[in-house]
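Colleague: Sequence:
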Amino acid sequence: MTAESDHFTALQELVALLTAKNPFYARKWAASGAGTPPASAPDFAALVPFTTKGELVADQAAHPPYGSHLTWSLEQYVRCHQTSGTTGAPLRWLDTAADWQALTEDWVTVFRAAGLTPADRVFVAFSFGPFLGFWLAFEAAQRLGCLTLPGGGMSTALRTQVLLENQCTVLCGTPTYLLHLAATAAAEGVDLTRSSVRLLVVAGEPGGSLPTTRARLSEAWNGARVFDHHGMTEVGPVTYEHPQQPGNLVVLERSFWAEVIDPAGSQPVPDGATGELVLTTLRRPGSPLVRYRTGDLVRARRIPAAGTWESSPTALVLEGGILGRVDDMIVIRGVNLYPSALEEWIRNFPDIAEYRVTHDRRAALPELSVEIEAVPATAEALASMLQQHLALRIPVHSVPAGSLPRFELKARRWQRLDPVIA
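Taken in order, the sequence shown gives residues 1 to 422; the numbers are from this note's numbering.
Among the hints, a few may not be true.
As the list claims (entries may be wrong) - Here are the simulated distance ranges between beta carbons: (1) Ala97 / Thr52: 25 to 35 Å; (2) Asp43 / Val190: 50 to 60 Å; (3) Ser312 / Val78: 48 to 58 Å; (4) Arg362 / Gln142: 42 to 52 Å; (5) Thr9 / Ser32: 49 to 59 Å.
Source of the hints: derived by calculation from the structure; they are not laboratory data. Backbone N, C-alpha and C fix where the C-beta goes; we use that ideal spot for every residue, glycine too.
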């Protein structure tokens, strides 16, 4: 059998299992008539309905605390994690030992694609809370034979000290936090040219695939290579950066049936067109998702396989990484704008330490304004650049250094002011 037929067989087996054993999907598919294993990929797309985060939130509210989408009895689950809540109400997510093993294997693939070897020393710069990625990164690095150091329970200054003293060669974190870590080191007179860090493994924000943010990260860490990937608690690790095409992400297809659809509808988009990423988890049957609308905007193409770790002769590549989110786009006086595009322009100015964007919807015509920690001349230059690119006047204000929030996890730089309803 070919890799493609094996892949579709795994999809058919998943549908059959969930129809028989998973209360959430058995109920959902009984209502839609989609519980029979599909005969073909078009059959699957035509008959099986999407799953949305709203459905999952409602299911957990109706069947607390974990919902009804668990395939096995509760006694078989060994891990509990939680989504960040940055795109709505947080979700609790359970995994069996077998599912956790598959997720860890996918993270090992991420690290192998990044070029990690047992000689590396890995520092995971997170406070180890309920989010999935920290724990998987830590366990996968150990699985590869790396000396692995957790960064939980440490101040930013102490983390810098620990990774220097232990001569860590790989640093994991969000792009925002690793920039903050470097800035804190500089403010305290720590010379990062003494650092052994050769590789930054980043995730959690679009910045890891944006050229200007990548350049800022590498410069801040003494020329270290930047390696991006992405995932979600609900589905696990999804992609890793193409080793020969920085800024492009490769889907871990052995674990997913991936589709890219029109965000405003349900039809697939042509190869290379922008659409919403839809995922079915093939190796996480204990807490599965079928045709899950991720909300991530991507531009996908199929190309020859990216490395020897691939199980197929071709790879599904997301050009430019995650381009934005379906629900992130705002319209300002007829101009469509995504946060990732604005970050790309802001990162062209190396002296901007941090920024915040305000989307004011209180007036009849919504307005956008930007605050930056930089000198007034930079604010004027950025305002001029934004007007050139967007044909809009967006006020840019210079604020004192250190006055804007810093973030260890996903940055929340956008704030929205809504009308007060009497």
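Colleague: Decide, hint by hint, whether the structure agrees.
Modeller: Here's how the hints hold up against the structure:
Taken as a hint, the range 25 to 35 Å holds for the pair Ala97 and Thr52, whose Cβ atoms sit roughly 29 Å apart. Our hint of 50 to 60 Å for Asp43 and Val190 holds, since their Cβ atoms are close to 59 Å apart. Checked against the hint of 48 to 58 Å, the pair Ser312 and Val78 fails, with Cβ atoms roughly 30 Å apart. Checking the proposed 42 to 52 Å range against Arg362 and Gln142 shows it holds: the Cβ atoms sit about 51 Å from each other.
Our hint of 49 to 59 Å for Thr9 and Ser32 is violated, since their Cβ atoms are close to 23 Å apart.
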